[in-house]
Amino acid sequence: MPPFKDENILIIAPGSQTTLAQLGLPESFTPPTHRFPSRMFPAPDGKTYEPYKIQARKKAVAGDGDVDMDGTEGNADEEEEELLEYPDDGEGAIYPLKEGRIENMPAFLALLNHVFVTLSPVLHTPVLLIAQPAWTAKNHEDITQFIFEKFKTPALCIMDSALATSYAYGIANAAVIDVGFEKVDITAITDFQISARGCVPQSGGDGMTRRLTDLLKAKGFTREMAEQLKKSPICEILPPGTPLPGTEAATEEVVSNPAAAASTGATSSGPNVKISEAPRGPGPDTEVGEEDGEDDGEDKAVDDDGNLDIATIVTSGKTQEFLAKMEKEKEKKPRGRAGQLAKEAAEAAALARPVRLPNAKRPRAIFHYEEVQFDEPDAKRQKTPEPPAAPADQPMAEEPTAEASPEAPAEAPVEAPAEGDAEQIRDQRAAKKEEKRREREKENAIRGKRDIEVGIERFQAADGGYMDAIADTIYRTILSVDDVGKRQDAWEALVICGAGSQVKGFREALVTTLNSRYLVSPSSATMFMSELPSNLATPSGTGSMTPTGAFPTHHPPSASAVNPLLLAATTASNPALNPNMSVTSYNTTQAHSSHSQSPTNIKVANPPTYFPAWKSYEDVVFLGSQVAAKVIFVTDQGLSKGFLSRVEFNEEGPSAIHQVGLVY
Amino acid sequence: MASQQPMTSSMQPTDVYGGDEVSAIVLDPGYSSIRAGFAGEDLPKSFVNSFYGVQGEKVVFGDDFIHNPLANLEIRNPMSKEGLVEDWDTSTRLWEYAITSRLTTFKQADPRTNGLNDDTKDILVEAVDENEKALEEHPLLLTETAWNSAKNREKSIEIAMESWGCPAFWLARNSVLAAFGSGKATALIVDVGASTASVMCVHDGLILKKSIQRSPLAGNWVSSQLRSLFSTVEPKVDLSPHYTIASKTQVDAGAPSQAVYRKFDTEPSESFRALEEERVLTEFKESVVQVWGGPGKLNATNQSGTTNADYIRSQPGRVFEFPDGANRMWGVERFSASEGLFDASAALPSLNSADPPIQKSQTIPDMLRTSINAVDVDLRPTLLQNIVVAGGSSLLNGFNDRLHNEVSAMFPGARVKIHAPGLTAERRFGSWIGGSILGSLGTFHQMWISKKEYDEFGASIVEKRCK
Numbered sequence: 130m131p132p133f134k135d136e137n138i139l140i141i142a143p144g145s146q147t148t149l150a151q152l153g154l155p156e157s158f159t160p161p162t163h164r165f166p167s168r169m170f171p172a173p174d175g176k177t178y179e180p181y182k183i184q185a186r187k188k189a190v191a192g193d194g195d196v197d198m199d200g201t202e203g204n205a206d207e208e209e210e211e212l213l214e215y216p217d218d219g220e221g222a223i224y225p226l227k228e229g230r231i232e233n234m235p236a237f238l239a240l241l242n243h244v245f246v247t248l249s250p251v252l253h254t255p256v257l258l259i260a261q262p263a264w265t266a267k268n269h270e271d272i273t274q275f276i277f278e279k280f281k282t283p284a285l286c287i288m289d290s291a292l293a294t295s296y297a298y299g300i301a302n303a304a305v306i307d308v309g310f311e312k313v314d315i316t317a318i319t320d321f322q323i324s325a326r327g328c329v330p331q332s333g334g335d336g337m338t339r340r341l342t343d344l345l346k347a348k349g350f351t352r353e354m355a356e357q358l359k360k361s362p363i364c365e366i367l368p369p370g371t372p373l374p375g376t377e378a379a380t381e382e383v384v385s386n387p388a389a390a391a392s393t394g395a396t397s398s399g400p401n402v403k404i405s406e407a408p409r410g411p412g413p414d415t416e417v418g419e420e421d422g423e424d425d426g427e428d429k430a431v432d433d434d435g436n437l438d439i440a441t442i443v444t445s446g447k448t449q450e451f452l453a454k455m456e457k458e459k460e461k462k463p464r465g466r467a468g469q470l471a472k473e474a475a476e477a478a479a480l481a482r483p484v485r486l487p488n489a490k491r492p493r494a495i496f497h498y499e500e501v502q503f504d505e506p507d508a509k510r511q512k513t514p515e516p517p518a519a520p521a522d523q524p525m526a527e528e529p530t531a532e533a534s535p536e537a538p539a540e541a542p543v544e545a546p547a548e549g550d551a552e553q554i555r556d557q558r559a560a561k562k563e564e565k566r567r568e569r570e571k572e573n574a575i576r577g578k579r580d581i582e583v584g585i586e587r588f589q590a591a592d593g594g595y596m597d598a599i600a601d602t603i604y605r606t607i608l609s610v611d612d613v614g615k616r617q618d619a620w621e622a623l624v625i626c627g628a629g630s631q632v633k634g635f636r637e638a639l640v641t642t643l644n645s646r647y648l649v650s651p652s653s654a655t656m657f658m659s660e661l662p663s664n665l666a667t668p669s670g671t672g673s674m675t676p677t678g679a680f681p682t683h684h685p686p687s688a689s690a691v692n693p694l695l696l697a698a699t700t701a702s703n704p705a706l707n708p709n710m711s712v713t714s715y716n717t718t719q720a721h722s723s724h725s726q727s728p729t730n731i732k733v734a735n736p737p738t739y740f741p742a743w744k745s746y747e748d749v750v751f752l753g754s755q756v757a758a759k760v761i762f763v764t765d766q767g768l769s770k771g772f773l774s775r776v777e778f779n780e781e782g783p784s785a786i787h788q789v790g791l792v793y
Numbered sequence: 006m007a008s009q010q011p012m013t014s015s016m017q018p019t020d021v022y023g024g025d026e027v028s029a030i031v032l033d034p035g036y037s038s039i040r041a042g043f044a045g046e047d048l049p050k051s052f053v054n055s056f057y058g059v060q061g062e063k064v065v066f067g068d069d070f071i072h073n074p075l076a077n078l079e080i081r082n083p084m085s086k087e088g089l090v091e092d093w094d095t096s097t098r099l100w101e102y103a104i105t106s107r108l109t110t111f112k113q114a115d116p117r118t119n120g121l122n123d124d125t126k127d128i129l130v131e132a133v134d135e136n137e138k139a140l141e142e143h144p145l146l147l148t149e150t151a152w153n154s155a156k157n158r159e160k161s162i163e164i165a166m167e168s169w170g171c172p173a174f175w176l177a178r179n180s181v182l183a184a185f186g187s188g189k190a191t192a193l194i195v196d197v198g199a200s201t202a203s204v205m206c207v208h209d210g211l212i213l214k215k216s217i218q219r220s221p222l223a224g225n226w227v228s229s230q231l232r233s234l235f236s237t238v239e240p241k242v243d244l245s246p247h248y249t250i251a252s253k254t255q256v257d258a259g260a261p262s263q264a265v266y267r268k269f270d271t272e273p274s275e276s277f278r279a280l281e282e283e284r285v286l287t288e289f290k291e292s293v294v295q296v297w298g299g300p301g302k303l304n305a306t307n308q309s310g311t312t313n314a315d316y317i318r319s320q321p322g323r324v325f326e327f328p329d330g331a332n333r334m335w336g337v338e339r340f341s342a343s344e345g346l347f348d349a350s351a352a353l354p355s356l357n358s359a360d361p362p363i364q365k366s367q368t369i370p371d372m373l374r375t376s377i378n379a380v381d382v383d384l385r386p387t388l389l390q391n392i393v394v395a396g397g398s399s400l401l402n403g404f405n406d407r408l409h410n411e412v413s414a415m416f417p418g419a420r421v422k423i424h425a426p427g428l429t430a431e432r433r434f435g436s437w438i439g440g441s442i443l444g445s446l447g448t449f450h451q452m453w454i455s456k457k458e459y460d461e462f463g464a465s466i467v468e469k470r471c472k
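Chains as they are written, first to last, in this note's numbering: chain A, 130 to 793; chain B, 6 to 472.
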C-alpha cells in the first residue's frame with residue numbers, strides 16, 4: 130500500500146447542527162473549507178434522503194436551467210410536474226443527530242454520503258471521522274461498514290471529538306467541555322486517553338435560547354428572535370453573584386459573595402467599581418448608546434454637557450482621584466436635605482442622559498433583529514440559482530455553506546497548499562471577501578432590520594440551574610477519573626469549546642462558578658493543628674502542590690525508627706520544606722501530601738497560537754482532527770494501529786474498528 | 006507449588022479471540038453500579054450508577070440525569086442491600102439503559118413474560134423481529150452473587166430470553182469471575198463492594214458452598230462510620246453536599262463555614278440528599294480514609310510500648326475541605342473509620358441506634374478464617390497462596406497490607422500471598438474483566454444455554470447448567 134498523502138485525506142466532523150468537512154491537509158492548518166448543515170430531507174420516493182428540500186410543483190417554464198444536477202435528473206422529462214430543490218428552505222428537515230446521538234441512522238449515512246459526493250475525493254483517500262461522545266459501539270460498527278462499502282476508502286479512523294480537541298491543544302491531561310447545540314459534553318482526558326465522560330442533556334446553545342424565549346415570551350419574542358438576541362453582544366452571562374443592573378446590589382435569587390466576585394474580577398462586565406451605588410434613572414426612557422459606541426469614548430471624564438462618563442473614568446484607572454475630586458465638590462455644595470435632593474436629582478438627570486456604561490451595567494439595551502421577509506414564491510424561485518443563503522437559524526453555517534455546493538470543485542485546488550503562493554492566496558481571500566460582502570448586501574435587501582429593546586432578561590440565559598448543572602457535571606466527571614493524581618492536571622486544563630460557548634461571558638461565568646463552589650483552598654490546618662513542627666507539615670498543608678495520589682507508607686514504629694521530630698529538624702534546612710517558600714514549591718515527588726483532594730487550582734487551557742489561520746476556537750475540534758489525521762495517516766502510517774485498513778476490514782468485519790483508532 | 010495456577014484444560018489462553026464470533030455482552034450489576042461491555046475487551050464500555058431517579062411518572066437513569074437538584078426527584082435503587090435484585094421491572098430497564106447508552110442501539114421490545122402458549126409466542130416473535138429485538142445478536146453473560154436465589158436466577162434467564170431475545174445466555178458467579186480476572190481457577194476471594202463484603206473459596210472454577218461468608222461491612226458501612234465520626238468530632242462536621250452550596254469562602258481550619266447556600270423553592274428529596282452526601286463521602290474515602298496497615302490492630306501496643314494509634318498521631322494528617330468550605334486536619338480519625346472492618350471492638354457506634362452492633366464474626370479476617378476452615382485441609386495452603394482481592398472498597402489505602410498481616414498472624418507458617426491488581430480500574434471491575442475473559446473463550450461458546458435449550462426445558466435449566 131503506497132503511503133497516504135496530505136492532500137488525499139478526508140476529514141468529516143459531524144455535529145448536531147453543522148457538519149465540518151475538508152479534503153486534504155493544508156501546509157498550515159486552516160478552518161474547515163466546507164460546512165454542511167447536518168440535515169437531510171426525505172426524498173420524494175419516501176425511502177431515501179436528499180440534502181435539499183425537494184418538492185413537486187407544476188411545471189411553469191420549459192427550461193429548467195436553474196435546477197441543480199442531483200436529484201432531479203430522473204424526473205426531468207415528466208410533463209406535468211417537476212421536482213424543485215429549495216436549498217434554503219429548512220422546513221421538514223430531518224436532523225439525524227440529536228444531543229450528539231444518532232437518532233436516524235439512514236439519514237445520517239445519507240448525510241455522510243452527501244458530504245463525500247460533494248468533496249468527491251480520489252479513490253486512495255483515507256477517511257477520518259470525528260465521533261460524538263454519545264455514539265455507541267454499534268453506531269461505530271455500522272458507520273465503519275457503510276464507509277468501507279460505499280466509499281471504497283483504503284483506511285478509516287474514527288476519533289472521539291473531545292480527544293481531537295485535546296490533540297489541537299496538545300495537552301495530555303485535560304477536561305474538554307464541548308458546548309454543543311442541545312447538550313454539553315464533558316470528557317476527562319488523561320494521557321491522551323478518555324478516562325471519564327459526562328453529559329448535560331437539554332442544555333447547550335439551544336438551552337439558552339429556550340430560556341430566553343421563555344423569559345421574553347410575554348414581550349412577544351419568538352424563538353428566532355431569542356436566537357439572534359443570544360448571539361448579539363448585548364446578551365451576556367454574568368458571573369454568579371453579579372447583581373443585575375436595575376436591581377439593588379444583592380439580588381434575591383443569587384446571594385452574592387463579594388469576595389469571590391472581587392477576586393475573580395468579573396472581567397467581562399468591566400472593572401468592579403460600585404457604579405451601582407449611584408442613583409440611576411432606571412426607566413425605559415434611558416437612552417443608551419450602541420455597543421460599538423464604547424470604542425470612540427475618549428478619555429474625557431466629563432464631556433461637554435457636563436455628563437459623567439463613568440466607564441471612561443473607570444477604564445482610565447483614575448477612579449480614586451476622581452472620587453476624591455467628587456468628594457471635594459460635594460463638600461462645597463450646601464448641606465441639608467434640600468441640597469441633597471437637588472444633587473440627587475441632578476445626578477439622576479445626568480445619568481438619564483446618554484451615558485456609556487458597560488453592557489452589564491445597563492438595565493436595558495437594544496439589539497438589531499434581522500427579520501426574514503417572506504417573498505412571493507416567484508421571487509424565491511428566481512433566487513434559486515444564486516448560492517443558497519443560509520437560513521437564519523443556521524448562522525454558523527452561513528458563508529461557507531453558501532459557497533459549498535456550487536464552488537466546491539473550484540475551491541479545493543485553491544486551498545491546496547501545493548502551490549502555496551502566499552500572494553495568490555491573499556488575492557483569493559480578498560476576492561472572496563468582496564464576494565461575501567456583496568452577498569450580504571443582497572441578503573440585507575430582503576431582510577428587514579428591527580431594533581428591539583430588551584431588559585435584564587438578556588443576562589438570564591444561563592440562569593435556573595443551567596450553569597450549576599454544567600459545573601456539577603464537570604466536577605463529577607473529573608472526580609470519576611480513576612487516577613487520583615491526574616485529576617488536578619485535568620482541572621488545570623479546562624478546554625471550553627463548541628459554538629454554544631461563544632455567548633458573551635459564558636466562559637467567565639462557568640469558571641467563576643467552578644471556582645466559587647469547588648476550589649479547595651490551601652488549608653491553615655497543618656500550620657496550627659499539627660503536633661509536628663510546622664515546617665514539616667506546612668509545605669504540604671498549603672495545598673499548592675498537585676496531589677500525588679501516593680499515600681505514605683507507614684513504617685512500623687520501632688526503637689530504631691527515626692523520630693519524626695528529629696526528621697523535621699534535620700530537613701528544616703531543605704528549602705522545599707521551608708514554610709516561607711512553600712507557596713511556590715510545586716513538589717510532586719514529595720512523599721507526603723495532605724491534600725489528595727482536587728481541584729486546588731482551576732485553569733482554562735490556552736489555545737494553541739501557532740496556527741495563524743485559526744482565530745476563534747469554537748471549532749477547535751477540527752484543528753485537532755487535522756493534527757490527528759496528519760499523525761495517524763501520514764506520520765505513523767498505521768504502525769501503531771491508528772486506523773482500520775481495508776484489508777483488516779475485509780478479514781475481521783466492522784467490529785474490528787474497536788481494536789483500532791481513538792475512541793475509547 | 007507454583008504460585009500461578011494454570012487454567013483448567015477446558016479453557017484456552019485469553020489471547021485467542023474468535024474474530025468472526027459475535028461478541029457477547031457481559032453485564033455485571035452491583036449495588037452501586039452496573040458494568041456492561043463486550044466480551045474480549047479489557048474494560049467495560051458502559052458504567053452506570055445503580056441508583057435511578059423517579060420524578061412523578063418519569064424515570065431517569067444514569068449519572069447524567071440523577072444529579073440535578075430537582076423538586077420531587079426521588080432516588081431509588083432496584084437492588085437489595087445484599088446485592089440481589091428486588092425490583093425486576095426497573096432493573097431490566099436500568100440494564101437496558103446500561104447496554105443501549107454505550108454499546109448497542111435497540112428499540113425496546115415489548116416485555117413478554119408469558120411464554121406458555123407456544124403458538125402465540127411464535128407469532129409474536131416474528132412480529133417483534135421486525136423492530137429489532139433487543140439483544141438478538143449478542144449472547145449475554147450475566148453475573149450474580151453466590152447467594153442468589155433460585156427464583157432470581159430463573160427470572161434473569163427469562164428476561165434475557167423473553168424480553169431481550171438473546172441467542173444464548175450464561176449466569177456466572179461474580180466471585181468466580183473475579184478469580185478468572187486474576188488468572189486463577191482456584192482462589193480465595195475477598196470481595197469488598199459497596200453494600201456487601203464476602204469471602205469464599207473457589208476451586209477449579211466452582212464455589213465451595215460451605216465456605217461462603219458475607220457481611221455488610223463494606224463501602225457503605227465505612228460511609229456510615231464516617232457519619233458517626235463526623236458527629237462526634239469537635240467541632241462537628243456538617244455534611245452539606247455540593248448542590249446546597251452557591252459559593253464557599255476560604256475559612257481557617259476548624260472554623261465554621263461561611264458558605265452561601267442555594268435556595269430552592271422546593272427542597273430536593275431526602276433520598277436525593279443522601280445520594281449527594283454519599284458523593285462527598287466517597288471523595289473523603291478516596292482522599293483521606295486509610296486502613297492501618299499493621300502489624301497488629303490500630304489500638305494494639307507495639308514494640309516501643311506505645312499504641313499504633315499513638316504512632317499515627319505523631320504523623321502528619323490529611324486535610325479535607327468540605328463542600329461548604331469547612332476544613333480540618335484528620336489525623337488518627339481517618340484510620341478509625343475503617344478499623345472496624347478488621348477489628349469489631351474498634352468500630353464506632355452507629356448513628357442509628359436501631360442498627361445492631363457489629364459482631365466479631367463479621368469482620369474480614371474472621372470471615373476469612375471461617376471460610377478457610379470450612380474447606381478441606383489439603384486445599385488450604387493453595388488457597389492461602391491465592392488470595393484474590395476485588396471490589397472498589399478494597400481500594401482503601403492500606404487494605405492489602407493489613408489483610409496480609411492479619412492472615413499471616415492467623416496462619417503462622419503458611420505462605421500467604423495476596424493478589425490484587427494495581428490498577429484502580431482492574432480492581433473495581435475485577436469480576437467484569439473475568440466475565441470478559443470467560444465470554445471470549447472459544448470453548449466457552451459451547452457452554453452457553455442456547456435459546457433452543459431454553460425453549461425446550463424452560464427457565465429451570467439455569468439451575469441445572471449454571472452451577
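No lab work stands behind these hints: they were computed from the structure.
Don't take every hint at face value.
As the list claims (entries may be wrong) - Cross-link-like lysine to any residue pairs, in silico, SDA-like; alpha carbons within 20 Å at most:
#1 B:K241 to A:D343
#2 B:K268 to A:G221
#3 B:K365 to B:F416
#4 B:K50 to A:M596
#5 A:K227 to B:Y102
#6 B:K268 to A:M596
#7 B:K472 to B:L89
#8 A:K770 to B:F416
#9 B:K50 to A:P372
#10 B:K50 to A:D612
#11 B:K50 to A:I323
#12 B:K50 to A:D592
#13 B:K156 to B:D381
#14 B:K268 to A:D320
#15 B:K50 to A:E156
#16 B:K422 to B:D381
#17 B:K457 to A:D612
#18 B:K365 to A:D592
#19 B:K50 to A:I300
Said to hold, decoys possible - Rough simulated footprint, nothing fancy, chain A against chain B, three-plus residues with beta-carbon under 8 Å:
#20 28-35
#21 169-183
#22 249-255
#23 318-325
#24 410-421
As the structure is a computational prediction, the values presented were derived from the model and not from experiment.
We put the CB at the ideal spot given by N, CA and C, even for glycine.
Against the structure, the hints come out as follows:
For the hint pairing K241 of chain B with D343 of chain A, the CA-to-CA distance comes to about 44 Å; that exceeds 20 Å, so the pair is violated. Restraint check for K268 of chain B and G221 of chain A: the C-alpha separation of about 42 Å exceeds 20 Å, so the hint is violated. For the given pair, K365 of chain B sits about 18 Å from F416 of chain B by alpha-carbon distance, which is consistent with the 20 Å threshold. Simply put, K50 of chain B and M596 of chain A have alpha-carbon atoms about 28 Å apart, too far for the 20 Å limit, and the pair is violated.
The straight-line distance between the Cα atoms of K227 of chain A and Y102 of chain B is roughly 17 Å, inside the 20 Å bound, and the hint therefore holds. A hinted pair counts as satisfied when its Cα atoms are at most 20 Å apart, and K268 of chain B with M596 of chain A qualifies at roughly 15 Å. Restraint check for K472 of chain B and L89 of chain B: satisfied, since their Cα atoms lie roughly 17 Å apart, inside the 20 Å limit. Between K770 of chain A and F416 of chain B, the direct Cα distance comes to roughly 49 Å. Violation of the 20 Å bound is thereby established for this hinted pair.
Taking the CA atoms of K50 of chain B and P372 of chain A, the gap is about 44 Å. The hint is violated against a cut of 20 Å. Taking the CA atoms of K50 of chain B and D612 of chain A, the gap is near 17 Å; set against the 20 Å cutoff, the hint holds. Our distance criterion of 20 Å between C-alpha atoms is met by K50 of chain B and I323 of chain A, whose separation comes to about 11 Å. Straight-line distance between C-alpha atoms of K50 of chain B and D592 of chain A comes to about 34 Å, which puts the hinted pair past the 20 Å bound.
A threshold of 20 Å between alpha carbons decides the hint, and for K156 of chain B with D381 of chain B the separation of about 30 Å lies outside it, so the pair is violated. Distance restraint check for K268 of chain B and D320 of chain A: the Cα-Cα separation of roughly 39 Å exceeds the 20 Å cut-off, and the hinted pair is therefore not satisfied. At roughly 37 Å between alpha-carbon atoms, K50 of chain B and E156 of chain A are farther apart than 20 Å, so this suggested pair is violated. Taking the CA atoms of K422 of chain B and D381 of chain B, the gap is about 19 Å. The hint holds against a cut of 20 Å.
Only pairs whose Cα atoms come within 20 Å are accepted, and K457 of chain B paired with D612 of chain A is rejected, the gap being roughly 45 Å. Simply put, K365 of chain B and D592 of chain A have alpha-carbon atoms about 53 Å apart, too far for the 20 Å limit, and the pair is violated. Only pairs whose Cα atoms come within 20 Å are accepted, and K50 of chain B paired with I300 of chain A is rejected, the gap being roughly 24 Å. Judged by the Cβ-Cβ criterion of 8 Å, the region 28-35 of chain B is not covered by chain A as claimed, because only 1 of its residues qualify and three are needed.
With a threshold of 8 Å between beta carbons, the proposed coverage of the region 169-183 of chain B by chain A is violated, since 0 of its residues qualify and at least three are required. Counting residues of the region 249-255 of chain B whose CB falls under 8 Å from any CB of chain A gives 6; the rule of at least 3 is met. Here the region 318-325 of chain B counts 8 residues with a CB under 8 Å from a CB of chain A, which clears the bar of 3, and the coverage holds. Only residues whose beta carbon comes within less than 8 Å of a beta carbon in chain A count, and the region 410-421 of chain B has 0; fewer than three means the coverage is violated.
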